[in-house]
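Chemist: Based on these hints, arrange chain F on the given structure of chain S.
Number of protein chains: 2
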Amino acid sequence: MRANRRHPGAGSRQSAQPRPADYRRLRNPFTPQRVFSDDAVAAMHESALKINETLGIKVLLPEARDLYREAGALVDEDTQMVRIGGEIIAQALESCPRSFRGFGADPQRTVEFAPGTLVFVGGSSCPNVSDLERGRRPGALADYIELLKISQRFDVLQISGNYTEAQDVPVHLRHYAMLRAQLTLSDKMPFVHSRGREQVRDAFAMIRLARGLGEQEFRQAVYAHTMINSNSPRVLDHSMAQGLIDFARHGQMAIVTPFCLAGAMAPITIAGALTLQHAEALAGITLAQLARPGAPVLYGSFLSNVDMRSGSPAFGTPTHMQATLGAGQLARLIGLPWRAGAGTAANVVDAQAAWETQFSLWASVLAGATVCIHAAGWMEGGLTHSYEKLMIDVEVLQMVAELCVAPPADEDALGFEAVATVPPGGHFFSAAHTMARYRTAFYEPLIADTANFGAWQEAGGRTATQRACEKWKQTLSDYTPPPGAAACGEALEEFIARRTEEGGAPPLT
Amino acid sequence: MRANRRHPGAGSRQSAQPRPADYRRLRNPFTPQRVFSDDAVAAMHESALKINETLGIKVLLPEARDLYREAGALVDEDTQMVRIGGEIIAQALESCPRSFRGFGADPQRTVEFAPGTLVFVGGSSCPNVSDLERGRRPGALADYIELLKISQRFDVLQISGNYTEAQDVPVHLRHYAMLRAQLTLSDKMPFVHSRGREQVRDAFAMIRLARGLGEQEFRQAVYAHTMINSNSPRVLDHSMAQGLIDFARHGQMAIVTPFCLAGAMAPITIAGALTLQHAEALAGITLAQLARPGAPVLYGSFLSNVDMRSGSPAFGTPTHMQATLGAGQLARLIGLPWRAGAGTAANVVDAQAAWETQFSLWASVLAGATVCIHAAGWMEGGLTHSYEKLMIDVEVLQMVAELCVAPPADEDALGFEAVATVPPGGHFFSAAHTMARYRTAFYEPLIADTANFGAWQEAGGRTATQRACEKWKQTLSDYTPPPGAAACGEALEEFIARRTEEGGAPPLT
Numbered sequence: 019m020r021a022n023r024r025h026p027g028a029g030s031r032q033s034a035q036p037r038p039a040d041y042r043r044l045r046n047p048f049t050p051q052r053v054f055s056d057d058a059v060a061a062m063h064e065s066a067l068k069i070n071e072t073l074g075i076k077v078l079l080p081e082a083r084d085l086y087r088e089a090g091a092l093v094d095e096d097t098q099m100v101r102i103g104g105e106i107i108a109q110a111l112e113s114c115p116r117s118f119r120g121f122g123a124d125p126q127r128t129v130e131f132a133p134g135t136l137v138f139v140g141g142s143s144c145p146n147v148s149d150l151e152r153g154r155r156p157g158a159l160a161d162y163i164e165l166l167k168i169s170q171r172f173d174v175l176q177i178s179g180n181y182t183e184a185q186d187v188p189v190h191l192r193h194y195a196m197l198r199a200q201l202t203l204s205d206k207m208p209f210v211h212s213r214g215r216e217q218v219r220d221a222f223a224m225i226r227l228a229r230g231l232g233e234q235e236f237r238q239a240v241y242a243h244t245m246i247n248s249n250s251p252r253v254l255d256h257s258m259a260q261g262l263i264d265f266a267r268h269g270q271m272a273i274v275t276p277f278c279l280a281g282a283m284a285p286i287t288i289a290g291a292l293t294l295q296h297a298e299a300l301a302g303i304t305l306a307q308l309a310r311p312g313a314p315v316l317y318g319s320f321l322s323n324v325d326m327r328s329g330s331p332a333f334g335t336p337t338h339m340q341a342t343l344g345a346g347q348l349a350r351l352i353g354l355p356w357r358a359g360a361g362t363a364a365n366v367v368d369a370q371a372a373w374e375t376q377f378s379l380w381a382s383v384l385a386g387a388t389v390c391i392h393a394a395g396w397m398e399g400g401l402t403h404s405y406e407k408l409m410i411d412v413e414v415l416q417m418v419a420e421l422c423v424a425p426p427a428d429e430d431a432l433g434f435e436a437v438a439t440v441p442p443g444g445h446f447f448s449a450a451h452t453m454a455r456y457r458t459a460f461y462e463p464l465i466a467d468t469a470n471f472g473a474w475q476e477a478g479g480r481t482a483t484q485r486a487c488e489k490w491k492q493t494l495s496d497y498t499p500p501p502g503a504a505a506c507g508e509a510l511e512e513f514i515a516r517r518t519e520e521g522g523a524p525p526l527t
Numbered sequence: 019m020r021a022n023r024r025h026p027g028a029g030s031r032q033s034a035q036p037r038p039a040d041y042r043r044l045r046n047p048f049t050p051q052r053v054f055s056d057d058a059v060a061a062m063h064e065s066a067l068k069i070n071e072t073l074g075i076k077v078l079l080p081e082a083r084d085l086y087r088e089a090g091a092l093v094d095e096d097t098q099m100v101r102i103g104g105e106i107i108a109q110a111l112e113s114c115p116r117s118f119r120g121f122g123a124d125p126q127r128t129v130e131f132a133p134g135t136l137v138f139v140g141g142s143s144c145p146n147v148s149d150l151e152r153g154r155r156p157g158a159l160a161d162y163i164e165l166l167k168i169s170q171r172f173d174v175l176q177i178s179g180n181y182t183e184a185q186d187v188p189v190h191l192r193h194y195a196m197l198r199a200q201l202t203l204s205d206k207m208p209f210v211h212s213r214g215r216e217q218v219r220d221a222f223a224m225i226r227l228a229r230g231l232g233e234q235e236f237r238q239a240v241y242a243h244t245m246i247n248s249n250s251p252r253v254l255d256h257s258m259a260q261g262l263i264d265f266a267r268h269g270q271m272a273i274v275t276p277f278c279l280a281g282a283m284a285p286i287t288i289a290g291a292l293t294l295q296h297a298e299a300l301a302g303i304t305l306a307q308l309a310r311p312g313a314p315v316l317y318g319s320f321l322s323n324v325d326m327r328s329g330s331p332a333f334g335t336p337t338h339m340q341a342t343l344g345a346g347q348l349a350r351l352i353g354l355p356w357r358a359g360a361g362t363a364a365n366v367v368d369a370q371a372a373w374e375t376q377f378s379l380w381a382s383v384l385a386g387a388t389v390c391i392h393a394a395g396w397m398e399g400g401l402t403h404s405y406e407k408l409m410i411d412v413e414v415l416q417m418v419a420e421l422c423v424a425p426p427a428d429e430d431a432l433g434f435e436a437v438a439t440v441p442p443g444g445h446f447f448s449a450a451h452t453m454a455r456y457r458t459a460f461y462e463p464l465i466a467d468t469a470n471f472g473a474w475q476e477a478g479g480r481t482a483t484q485r486a487c488e489k490w491k492q493t494l495s496d497y498t499p500p501p502g503a504a505a506c507g508e509a510l511e512e513f514i515a516r517r518t519e520e521g522g523a524p525p526l527t
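For the record, the sequence lines run as chains S and F. If you count the first sequence from 1, you need to add 18 to reach the working numbering. If you count the second sequence from 1, you need to add 18 to reach the working numbering.
Please note that a few of the clues may not be correct.
It does not matter which identical chain is meant; a pair holds if it fits inside one copy or across any two.
Pairs of lysine to any residue, SDA-like flavour, derived with a Cα cap of 20 Å [what the hints assert, rightly or not]:
id: 1; residue 1: Lys491; residue 2: Glu233
id: 2; residue 1: Lys68; residue 2: Gln109
id: 3; residue 1: Lys167; residue 2: Gln126
id: 4; residue 1: Lys167; residue 2: Ser495
id: 5; residue 1: Lys491; residue 2: Asn146
id: 6; residue 1: Lys68; residue 2: Ile514
id: 7; residue 1: Lys68; residue 2: Gly443
id: 8; residue 1: Lys68; residue 2: Pro442
id: 9; residue 1: Lys68; residue 2: Glu429
id: 10; residue 1: Lys76; residue 2: Gly443
id: 11; residue 1: Lys491; residue 2: Asp56
id: 12; residue 1: Lys68; residue 2: Pro441
id: 13; residue 1: Lys167; residue 2: Arg42
id: 14; residue 1: Lys68; residue 2: Asp430
id: 15; residue 1: Lys76; residue 2: Arg516
id: 16; residue 1: Lys68; residue 2: Ala459
id: 17; residue 1: Lys167; residue 2: Ala309
id: 18; residue 1: Lys68; residue 2: Ala89
id: 19; residue 1: Lys76; residue 2: Pro442
id: 20; residue 1: Lys76; residue 2: Thr527
If you're looking for bench data, these hints aren't it; they were derived computationally from the structure.
Looking at chain S on its own, in the form it has when it is part of the complex (with noise of 0.2 Å):
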């Protein structure tokens, strides 16, 4: 079964034709699945509505609950409950724009955010950070840098992610350093956190240097995105409410995401925390497009559920599945890009940690998410992004990215005449139909290892996990800054330095 025929030729891949998907501008190739019939999902839309309206959601921030009252909701100041009307949400759903663009340093960078586009992000905001080299620990700068640059060299990966914290950083000089590393050693749109709106108009700022833009040319497109988590149930925090305002009213993208688990933090059934995760998008959207009408947002799912024996979060379970399909659905509804996430519970890159992630994200894919998040090196619930593991979940997602291009099924693929030339038993290794496409033919894995037993034994038996260890080690060691990232590095220090100077910017909490 295993032929052990090396093809003539073999060795010298250098002169190989590329691939011919392009891992920066994916379009889904799957039809969206559904989990609920039309009406389930249109009773938990009303039924979210209905949350909004007659129960309500906290909101902290004063100036957000002074934007949903100008809008016509019922505010009380002093429990800062805000109950938004069906009518002011669907107005605000009717400004959303269905598709825009994000930008990078460099034009091919350039990211289409629409129903059907496929936009994977690393895992972010991960507390610790892990390598078989170092083993665990809580994330540096340094380890920040690190897993920017290996994420920087795949195009799957086609906007910044929040790999880590970069803990040794003093809160309030943190987003500096995190920043000038994304925008000196990356040409992908950045991640920005909404950490008060200090911190968000000196990442403004930052960007308008990196990039050259006026404030009103920044305003005008979207350079950079943050993630805006509501504290469920039904409480948006003072960080959160300002985030959405300022990105709002700057034209840079926010990606709503209540976290919701469901037995948890929502209700135990999927279309009851479907329910109340879709109240709690639909508020938070509708704030942004109060900011200003036409703001670019996502609406997000990140629904999975808890282990009911230990109250642990649980990722890539069935539930965690049905919960984004449905999610899809909700999203499909309301017209808007969204987005889902991968990810696994697992303590170390073994199978579990495979076997989550990828059911995470087939639920993603098939879902037609427009965005997956934590879709590369996000394990343990979110506590550790490992580096083993961002290589592995680098070369799913270069997997699926292959299935984005359709297979040729021209006269010539058919291969009438190649099957007439191999006789009955015989074999297609030097056919001409195969010498002229063995080089490109097939995706060529990173990590993957196809040797037989006896071949691999040889060559030391490593798991998946070891080699993705060295391949990792290999693509930091191979770095090289895009062409021009650094050129912005100068008015970036000057920046850093004055605002350092001027005490820099301590995160809203």
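Modeler: Just chain F now, kept in the frame of chain S:
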């Protein structure tokens, strides 16, 4: 984020209601996905007919050539080439049943084979077995029996596979030992090798004895299945042709799967390899229908690619997935239930083993395959059946099975009242809505561990593969034979003793 709250009363799972999914009877919840246009699929079908009509297939068995000739095919006895006209194939496809049932010892094990049903079969015909405690070794009868017992425990593996070869039993007696084990230790529909008329006749006699069936009764329903692989390109050998004829004449199920690898035994293009595979499958299915119109057959695909650097087979690749999706389109064109397969080339039960298996499993599910073979335990491209991988794959299959049940979306499930009772920032752990459901709300994993890092490390820091090892040992020690299975043992012993006395039945090669 990671809660440590333990659910009150969560220790006592024994009173849990079963989850609603019936793993024995699954319907695929997904819409079959396409990778080719309808025109391209029609062109592949036409090209396959042209291959059969003008190039032909080499058929080694004279009896099979006679059947083809009698139906009007052009047969060259010197070259053994058979050219089959399109109308002969069309007529054969007319007589194929679109759906049928297969029977085990227990009526609860009845399986429906029809477009839209979902049947999983364990990894089959691996020459080696492997487990963490005893290592990798050639498969022996004791291993086969252990894998059979472990697989019997899991309803999601609905019919028996041919887990490994009992290589310590002489080939003329091996089929007695392996089938006796299936019939006395399992109540699932057994697998029978097509290794010549004599062995097949023995096997059918044993099944009739075990099931208490007369010859006529036996022919009227499906009590066994076999695997028919053509030798790609374009050879149907003695034992496969004879198996097709004998299974058809006895009304038993043959799965007709050319074993093609794009770039090796088939054209390097997916469209070309599918066309060759389709041609060979149609030729085999036609032979079965010529032997007995209405014979139960499954159309089969197990098309992947070779690694062009080493010539080794690769599984769970993008090519494997696209080929499987295309095969599903061809199967739907001819309207037959069909099989695909999951698999991996990995040599160890690591992340690669998991991601490749999932990739090919999802291919099978999304392609709408009726039966997914090699769905558990199969690794090294089929050279080894791993005990630990068996358990890990069963976990994932159970997760897929859970997706076959739509989550509730009635008013109570929408949970408005539950949301109303939990204050903003509160939690749902002790809500009545949660308490009423927490025991059965979520799939309870076999192997997956959601403990946080500290707890996981304290408990030994074991990988999923290590936990799977413990789990198969426990499953094996918990094994009890299905009720009534042993009852047929005596009659089988008598039969086997007599046939052994007569010299057994050497395989036809």
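Chemist: Take the hints in turn and mark each one as holding or not.
Modeler: Going through the hints against the structure:
no., hint, result
1, Lys491 - Glu233, "neither (40 Å within a copy, 66 Å between copies)"
2, Lys68 - Gln109, "within (16 Å within a copy, 60 Å between copies)"
3, Lys167 - Gln126, "within (18 Å within a copy, 56 Å between copies)"
4, Lys167 - Ser495, "within (10 Å within a copy, 50 Å between copies)"
5, Lys491 - Asn146, "within (19 Å within a copy, 35 Å between copies)"
6, Lys68 - Ile514, "neither (47 Å within a copy, 71 Å between copies)"
7, Lys68 - Gly443, "between (68 Å within a copy, 19 Å between copies)"
8, Lys68 - Pro442, "between (68 Å within a copy, 15 Å between copies)"
9, Lys68 - Glu429, "between (57 Å within a copy, 13 Å between copies)"
10, Lys76 - Gly443, "between (72 Å within a copy, 9 Å between copies)"
11, Lys491 - Asp56, "neither (49 Å within a copy, 46 Å between copies)"
12, Lys68 - Pro441, "between (70 Å within a copy, 16 Å between copies)"
13, Lys167 - Arg42, "within (17 Å within a copy, 48 Å between copies)"
14, Lys68 - Asp430, "between (58 Å within a copy, 15 Å between copies)"
15, Lys76 - Arg516, "neither (37 Å within a copy, 82 Å between copies)"
16, Lys68 - Ala459, "neither (54 Å within a copy, 25 Å between copies)"
17, Lys167 - Ala309, "neither (35 Å within a copy, 64 Å between copies)"
18, Lys68 - Ala89, "within (17 Å within a copy, 69 Å between copies)"
19, Lys76 - Pro442, "between (73 Å within a copy, 6 Å between copies)"
20, Lys76 - Thr527, "within (16 Å within a copy, 76 Å between copies)"
Of the hints listed earlier, those the structure fails to meet are numbers 1, 6, 11, 15, 16 and 17, in rising order.
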